[in-house]
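Turn these sequences into a full structure, and let the hints steer you where they fit.
Spelled out, the chains give:
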Amino acid sequence: MELLSMYRRMFTIRTFECKIRDLFTSGIIVGDLHLSIGQEGVSVGVCFNLRDIDTINTTHRCHGHCIAKGADVKRMMAEFFGKRTGICKGKGGSLHLADLSVGMLGASGIVGGGIPTAVGAALSFKMRKTDQVAVVFFGDGATNQGTFHESVNLAAIWDLPVVFVCENNQYAESTPVSSAMRVKNVADRAIAYGVPGVIVNGMDVLAVYEAVNQAVKRARAGQGPTLLECKTYRYEGHEVGDPWDLYRSKQEVEEWKQKDPIATFGRKLIADKTATRQELDAIEKEVVGLIDAAVEFAKESPSPEIKEALEDVFVTPGY
Amino acid sequence: MNGMSSTREITFKEAVGEAMAQEMERDSRVFLMGEDLRIFYGGGPLGATPAEKFVKKFGPERVRDTPISEAAFIGAGVGAAVTGMKPVVELMFVDFFGVAMDQIYNQAAKLRYMFGGQSKVPLVIRTTIGAGFSFGAQHSQCLYSIFAHVPGLKIVVPSTPYDAKGLLITAIRGDDPVMFFEHKGLYPMKGPVPENEYDIPFGQAEVKRKGADVTIVATAMMVQKSLNAARQLEAQGIDVEVLDPRTLVPLDRKAILDSVKKTSRLVIVDEDYERCSFAAEVSAIVADEAFDSLDAPIKRVSTPTVPIPFAPILEKAVIPDEQRIIATVKQVVS
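If you're matching them up, the sequences are chains D and F in order. Heads up: the first sequence at position 7 corresponds to 179 in my numbering, and the numbers run straight through without jumps. Heads up: the second sequence at position 237 corresponds to 703 in my numbering, and the numbers run straight through without jumps.
Which chain F residues face chain D? A few, computed with CB under 8 Å, are given here: (1) Gly543; (2) Met551; (3) Gln573; (4) Arg578; (5) Gly640.
FYI, nobody ran anything at the bench for these hints, they're computed from the structure. Model, not experiment: these values are computed from the prediction. Yeah, the Cβ is synthetic: ideal placement off N, Cα and C, and Gly gets one too.
Set out below in structure tokens:
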């Protein structure tokens, strides 16, 4: 059943993101969308190791992480519509999703900006002697930010229960990894901080799950952080509407699509006799209905009141 | 104050340390994190939290030495705050904020708002400010105006040992991110401070000296310089009121406006750079809301917007002093 839940969760992310892409290109929703279509195996493989009390911090490409961690897709959709029922009351939008009730501490629109926050969450868990684990997602581009290096080092010297998950989707916006760093792998950078660096096939949800499982065990045992590099790919551009074919070939995109994490996993489930095609079809149909219902919920939800623009700056208000 | 509390004279620096120690004792979630807190200089560059006391009492878990990684440890303060701790992070000199500004103004300051009120960020960043030591352009600035400019940070700028202790306690007990600015020149200043814990609400200015002829609004070291100036002006028959807002965010606009309505004249004395500054903000508020009460133009006494020079004679020339304050007050009362 867990395996089918993973399939269902990955398919939910894919369906949600295809839906918001269509809503955006037809002008129904606004903003700046960074889709993770193709990267669902990482989101789900990571988050299926976590409980609600474990935390994640994430990036501008955060929709998949948010769904994988268990956020309500109706309230997520309402956020994209800028509605009061949105997960952040319409104040965050695509770039700043958060759902603290499921341990999703939030997305940072600043590349590398959320990495220190996760280290702080891990520090908090260690000081309070809980068995919680903090996970932070970031892209290959973020590993050239100072915050990445400072944070891995700080977590290492303090043996903090944090897992650094790099989603290496091969490009930082339009810049290929190979032209932005001299080492071959992001994981190679781990040696500089005395922590394990692990490379995993990010298109294989079970491989990601297993690798994170080991990292989480290390973290809970007080053995400190792990740097995990998931080799993956985004089928869409950096953001919806960007000319992605300027920096990569159609052939390259097609080759990666052959490794699609959802299709591959579906075939495996059928081959293993974990599920039949009909069962997977039923899951998919149900998910499509769920996303359609989320859109209806979002459309029917009230807009925020104008006065709300000035609220939520402080816990104790003051100007 | 209750009858048990005894008040004695201690320094500004001791008052800061006392607030820290009492809050760490009272609340196990409070901890201190920063550079060189455990050995060097006996707790921070200027020793507000003496190592022999703090490390011995609270241990290295709660008095954390960090690598020179301001972005990581200030950001870690944000993460610890969001997940239930009450970190007090020491940024050795405010001048160093540049390497960590994203963590301060995009993370600490904005998480709550961006996430629709879900997060609380009870983080206190203590930092030192101020010129007068020939430390040059990168260790002498005030810069609180920059932080007051962005939404989401509470800005505390104490001018006395009493205020330092009470305001730091309020900062630590609160649920919002606070930038707490300690003027290096005030550290040795002595003043009466109760032994007991007490808090001073944010957004309440204090009249440091009552007067009828002109209002001076001043912060940090400039409060003391303005009081010196006021004493000299008294001998010349000019009765100066000195008002210290104590917190720039939230700002006690009413106290400022009430004072100006009474005196009809305003001089703002602010050690920060003049351009787009706290002084400019106060000036704008009074121009907007008390224009009819003014009998003279509003004047600012600030540091000109140039880097702070090293040579003592040049540094002294750019930092506001009693002579400039007196000359400016005389201009508006003439």
